[in-house]
Amino acid sequence: MGGRMSEELDPRGHVLVPEHRVLSKEEGEEVLRRYRVKPHQLPLIKSSDPVARAIGAKPGDIVEIKRESFTAGRALAYRYVVEG
Amino acid sequence: MRPQRVIESIRFSLLSPDEIRKMSVTSVVTADTYDEDGFPIERGLMDRRLGVVEPGLTCRTCGGGPKDCPGHFGHIELARPVIHVNYVETIFELLQSTCRKCGRILLKEEERERLLQEMEGKEEWWKVSEKAVQTAKGRQECPHCGEEQEEVKFEKPFTFMEGKGRLTPSDIRTRLERIRTEDLRLLGLDPSVRPEWMVLQVLLVPPVTVRPSITLETGVRSEDDLTHKLVDIIRINQRLAENMEAGAPHLIVEDLWELLQYHVATYFSNEISGVPPARHRSGRVLRTLGQRLKGKEGRFRGNLSGKRVDFSARAVISPDPCLKFDEVGVPEYVARVLTVRSRVTSFNLEEMRELVRRGTEQYPGAQWVISPDGKRYDLRYADREELAQKLEPGYVVERNLRDGDIVLFNRQPSLHRMSIMAHRVRVMPGHTFRLNLCVCPLYNADFDGDEMNLHVPQSEEAQVEAMILMAVQNQIISPRFGGPIIGGIQDHITGAYLLTRKETLLDREKACQLLMQAGVEPVLPEPAVVREGVEYWTGKQLFSVLLPKDLNLTYRAKICEGCSRCKEEECEKEAYVVIENGELKRGVIDAHAYKALDKCELWDRMVKEYGVERASEFLNHVTRLSIAAAEMLGFTTSIDDEDIPRIAKERIEEKIEDAKKKVRELIEAYNREELEPLPGRSLRETLEMRIMEALAEVRDRAGQVAEKHLTLSNPAVIMARTGARGSMLNLTQMAACVGQQSVRGERLNRGYVGRVLIHFKSEDLGAEARGFVSSSYKDGLKPLEFFFHAAGGREGLVDTAVRTAQSGYMQRRLINALQDLHVEYDGTVRDDRGVIVQFLYGEDGADPMRTDNGKAVRVDRLVEKIIGGGAK
Amino acid sequence: MTGVSPETIRSEVRKLRGEVPDSVVEELERTLLRVGKERAITAEALQRVIEAVKEAHLSSLVEPGEAVGTVAAQSIGEPGTQMTLRTFHYAGVAELNVTLGLPRLIEILDTRRTPSAALMTVYLEPPYSKDKDKARAIAQEIEMTTVEDLISEMETDLMNMQLLLSLSRSRLRQKELTPSKVKEVLSRELGPKVEINVEETKLRIKAAESLSELRRLAARVRKIKLKGVKDVTKVVVKKEGEEWVIYTEGSNFAEILKMKGVDKKRTTTNNIREIEEILGIEAARNALIREMSSTLREQGLEVDIRHIMLVADMMTVKGEVRQIGRHGVSGEKSSVLARAAFEITLKHLLEASLRGEEDRLRGVTESIITGNPIPLGTGSVRLVMQGGRSERE
Ligand SMILES: [Mg+2]
Ligand SMILES: [Zn+2]
Ligand SMILES: [Zn+2]
Ligand SMILES: [Zn+2]
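Chains as they are written, first to last, in this note's numbering: chain A, 1 to 84; chain B, 1 to 872; chain C, 1 to 393.
Keep in mind that the hints were calculated from the coordinates and are not lab data. Be a bit skeptical, because a hint or two may be false.
Claimed, not checked - So these bits of chain B aren't anywhere near chain C, every CB distance computed over 12 Å: (1) Val25; (2) Glu124; (3) Val202; (4) Leu259; (5) Gln291; (6) Val337; (7) Glu465; (8) Arg556; (9) Glu707; (10) Met728; (11) Leu729; (12) Glu824; (13) Asp832; (14) Leu840; (15) Thr851; (16) Ala856.
Unchecked claim - Restricting the straight-line Cα-Cα distance to at most 25 Å, the calculated cross-link-like pairs of lysine to any residue (SDA-like) are: (17) C:Lys318 / A:Phe70; (18) B:Lys865 / C:Arg39; (19) B:Lys307 / C:His57; (20) C:Lys347 / B:Phe154; (21) C:Lys347 / B:Gly306; (22) B:Lys375 / B:Phe154; (23) A:Lys58 / B:Phe154; (24) A:Lys58 / B:Glu123; (25) B:Lys865 / C:Val4; (26) B:Lys865 / C:Ile368; (27) C:Lys54 / B:Gly854; (28) A:Lys66 / C:His57; (29) B:Lys67 / C:His327; (30) B:Lys127 / C:Val236.
Claimed, not checked - Simulated DEER-style distance windows between Cβ atoms: (31) B:Asn444 / C:Glu153: 35 to 45 Å; (32) B:Gly165 / A:Gly60: 14 to 24 Å; (33) C:Arg34 / B:Arg646: 52 to 62 Å; (34) C:Glu213 / B:Gly163: 38 to 48 Å; (35) A:Ser48 / B:Glu451: 38 to 48 Å; (36) C:Arg34 / B:Glu609: 48 to 58 Å.
In this text, all values refer to a predicted model and were calculated from it rather than measured experimentally. Here a beta-carbon is modelled for each residue, glycine too, at the ideal position from N, C-alpha and C.
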């Protein structure tokens, strides 16, 4: 991650930002299998997204998001990283 | 019936001249439509090969009559090519981004390759084309043949210039012809589309069915706007052809060509900027193709997304408290017209025969009989006895609507799904649709002239779906928040209150009478009181008859004043409700028991724990009981309910005087600049805020004084306090003081310079001068007060109107954006492309309608039920 | 009869994890442990409770095919008619203007770049959050002060072609500025060509050649920022429970988060675009949910959070916040007919013809237009038959 990161604020830890994690290739494939979808049918996240940048997510990765759910306590969501 | 086919997909494209000629049944050459005898002229715009609309005629192409002929296209060969106006912008971009000589896109080979690569496999490949076109536009020199490019200019509406010379549509067409197919995608076009087709050589003529002529009562035939436009096009086209043939001067030909361009352009769209719209002889602007599709009444929103239907009725509505809440009263004259398709089976054969015999003459009867081979018999004319004998399983009878049929009932604006529900029919005399009052809040209906629609589902499948998914009983819980939205309203509440308060005692006759009216068997419990040998029952006892025997519930009623120390069971106001084993022990029944959209503790519990069936039964009974009670015990309100004693009046006046004095003091302090400004506010703003505060306070104080005399012995107060209708604010405004009027949240201040009305001095900031109404509605407003009140009232009306428009549009947008989302079998929410929007609906998979006000599982209740107390 | 131990309760209840939502598991555990202290819970009762919870969860689930989108849209749209059009003052902080009700809801769905009343809630880090004066100091630093805020009078001297600014002493004091400091900022902003003289609280700016230029200069000078954060026009310091919090009118999230003393974890803005830019798409989703539900709640309208979540999820699926409307979600639908039927009919049809688009007719609008069954609810069920040989053959 280049020099830009240093002056930029790290969004992680903010109350509005849930935990993001880049999935391994196998984990990503498992997600696609579980939901029987192609990557583009997942919700997307841009590679320029502040959090995506902070965790080093690259286009083609799948990011797992651990949300604090308003209804279920905790909920998992996935986003496919796209260029942008 | 013709075999049904399903449209699987629709592909959009441009028509090539060849395709147009191929699909055309005739070329149209004469501008005349009918001859002297009124017959369509051959090769004219009404040629019989183009289809027929008038009954009795047959189509010369397909041989069908107006019912089965779909109409057929014709075409006009244009003497000179013209530009399709709707594509001028695209043509302009194409001219700018392709080589004037070789027609290649002005991109270097490597740019081309890179962009094509980028495009590969993309669903929205045209987004890349936009980039390609932008790059190509700037090129001065063709990278392929080296040709120097000249700047192309576009002058609205349809003139193109290159350098100094003008590009005629013919020139443009030849240039577009040179564009290579392999460049098309980069230019934003599908390879199946040839760009030169945007310059028209042949014009498609729509079938007459698309532009039917109408015959007025006078016998004069009036043509459709499109026909008028086509007539113009053919005329000019003819003249142009003749002049060209005769070798007329260049200028004349050019002029006619330009005119042809104008007519063809306005034929496609009559709202082109910079082009005077084509008009009818009367001066009316013609409605041509573009206008036909656009807008709320256009083809898309007016005819395709919303369609007219058969088997429907519309009438004024009126209330009927004796109906069950899932019924709808249908007047007989409506039931005589509406029909339901009934299949004849061995079980209903005799019944159907009888209906056929009665036919259209007697109600209930039938209108049509359809034999198994699909033949329809109209019972107005057929031999009914014979038909009745012929009837056997396999026939279908279209019988009149009758009691118990399932119909859909709807009131616009249909803002939520409860705006259209399935009811059971009750045929009755009269001219209006009748409905139970409990469903009024759902439809947002009242009876000041509201009308509603009724639809009769025809197939068994549709009826069953309606019954299961749309039945009123299944809409008691709102999907919006998971609480009851159907419930008691107004008199249901007052009646229940009158019945259940402690002073209500009823002898055997009255008690039985009430229960009978409620629709329950009058089995009375032990009398509560026996006085001088006469047995009396309390209203609470009667109410308890309707409750399930295992119900236990404690809550505070609406009338609870929120005393600082609640005496709970000892509450002498009967505001603490205790139900033990289905027995109403203490407290009164009011809005907090079963009013729709209120807290409705009792009702909520009934619906969620005893099921829809039991709850519906309860509601039907309890509403009738309440209304019967109100009738028996007597309930009325009149203007003297707002009377308060003279002393109270005087006290109110004193308070108002005090407040006015305080306002004057504030103003003086302001003038002396002694007023302490509130943080972040100017002095003037502070003054206004302080004055408003003081006047709002005095209104409340005046209200409090009045409220001391407005007790629960007063019917108007009963309505307000039990939550049946109205509020204490309404009452105190009537009895004590109306209070400050406002416009835009401020005291009134607009009008003359420094004053609202000439009756005041300029810059008078006093209470009266700025819209404080100290009179009560009962006493009547003084003239100036009346004026201020009207100003404030007007704002309210305008607000409502604006709000309806704004929220309507917001709703349309929301619906449009979200309507394709649905839950899949794996619990995910996806759109029509299969894109996952949520991985589990609502993150817990719970349907709000099946939750308890949003809570999917009531852990506390379950634990309490199984293990016992202490769960709270 | 002895009850089961807390350990048994814990271990039994936790077996539910994965089967029912975590929140339910946790609530059940808490409730049972509390009740267990007061009365004995038998193993049999425990099992019955657990079974009941499973059953309640199952019976609360949505039906497959349910048109949850439409229900969400209606649930948010229908109460719209009952909302106010007026913007009122903030309940807690009387000095700040906040957009409420219908206009605010529309603004959120429109994802306007700058909301009509942008607002930040700035939380502070410990030494500052505990001390009123320290909090005040930060607030002072944040609030944008322009030349306009300081001048008591501004004259255009046509004779000498110069501007004459009189600064108010009290306001200078209030904003902790001096005339020379003002001069310093002005010279920096206006460049070296402009000559500025200070006489006590009067500033003389000489630069203009013509009258129109002088007027332009005057307008420009008024707007020059002397200190504070750009766009933050008003600040209010308020005590929230144990700590001091700064509320601001006007929002500049990026700048605020750079400031010392500001709590970078809790400070928020009501401008969703800023949140998206600085905290990312997931934070924007959360902010959308919060903003929408607080707007509805403030109006006393009860709307299930699930509907709001669905709207927020739909707005953020594409990795950026999209508007509910033609420039966002509706404009990017796959179906040509659906787009044409919504708004700007002709443009969508013409574009589709050039691109050779194909409408697969899978959505609601298209199905209605073509007379096909709607692929939702009971219409989403298809009968699939195994194409095998029949026995008799
Ligand atoms: Mg009405
Ligand atoms: Zn025909
Ligand atoms: Zn070339
Ligand atoms: Zn009480």
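Now the hints, each set against the structure:
1. Val25: Its Cβ never comes within 12 Å of chain C, the nearest being 23 Å, so this holds.
2. Glu124: Given that some Cβ of chain C is not farther than 12 Å from that of glutamate 124 (chain B), nearest at about 8 Å, it is violated.
3. Val202: The claim stands: valine 202 (chain B) keeps its Cβ more than 12 Å from every Cβ of chain C (closest is about 17 Å).
4. Leu259: holds (24 Å)
5. Gln291: Since the minimum Cβ distance to chain C is about 10 Å, glutamine 291 (chain B) lies within 12 Å and the statement is violated.
6. Val337: At roughly 25 Å from the nearest Cβ of chain C, valine 337 (chain B) sits farther out than 12 Å, so the non-interface label holds.
7. Glu465: Incorrect as stated: the minimum Cβ-Cβ distance to chain C is 6 Å, not above 12 Å.
8. Arg556: holds (19 Å)
9. Glu707: holds (23 Å)
10. Met728: The assertion about methionine 728 (chain B) holds, with a minimum of 18 Å to chain C.
11. Leu729: The claim stands: leucine 729 (chain B) keeps its Cβ more than 12 Å from every Cβ of chain C (closest is about 16 Å).
12. Glu824: Non-interface label fails for glutamate 824 (chain B): nearest chain C Cβ at 6 Å, not farther than 12 Å.
13. Asp832: About 4 Å separates aspartate 832 (chain B) from the closest Cβ of chain C, which leaves it inside 12 Å; violated.
14. Leu840: The claim breaks: leucine 840 (chain B) does not keep its Cβ more than 12 Å from every Cβ of chain C (closest is about 9 Å).
15. Thr851: The assertion about threonine 851 (chain B) is violated, with a minimum of 6 Å to chain C.
16. Ala856: violated (4 Å)
17. C:Lys318 / A:Phe70: holds (22 Å)
18. B:Lys865 / C:Arg39: holds (14 Å)
19. B:Lys307 / C:His57: It is violated: about 41 Å lies between the C-alpha atoms, which goes past 25 Å.
20. C:Lys347 / B:Phe154: Judged against 25 Å, a Cα distance of about 20 Å means the pair holds.
21. C:Lys347 / B:Gly306: holds (21 Å)
22. B:Lys375 / B:Phe154: violated (62 Å)
23. A:Lys58 / B:Phe154: Measuring from Cα to Cα gives roughly 44 Å; hence the hint is violated.
24. A:Lys58 / B:Glu123: holds (21 Å)
25. B:Lys865 / C:Val4: holds (18 Å)
26. B:Lys865 / C:Ile368: Measuring from Cα to Cα gives roughly 48 Å; hence the hint is violated.
27. C:Lys54 / B:Gly854: Distance ~17 Å between lysine 54 (chain C) and glycine 854 (chain B) Cα, so the pair holds.
28. A:Lys66 / C:His57: Distance ~22 Å between lysine 66 (chain A) and histidine 57 (chain C) Cα, so the pair holds.
29. B:Lys67 / C:His327: violated (42 Å)
30. B:Lys127 / C:Val236: Given pair lysine 127 (chain B), valine 236 (chain C) is violated - Cα atoms ~46 Å apart, limit 25 Å.
31. B:Asn444 / C:Glu153: 35 to 45 Å: Violated, at about 58 Å.
32. B:Gly165 / A:Gly60: 14 to 24 Å: violated (52 Å)
33. C:Arg34 / B:Arg646: 52 to 62 Å: holds (59 Å)
34. C:Glu213 / B:Gly163: 38 to 48 Å: 41 Å Cβ-Cβ, so the 38 to 48 Å window holds.
35. A:Ser48 / B:Glu451: 38 to 48 Å: Taking Cβ atoms as reference, serine 48 (chain A) and glutamate 451 (chain B) lie about 55 Å apart, which means the hint is violated.
36. C:Arg34 / B:Glu609: 48 to 58 Å: violated (23 Å)
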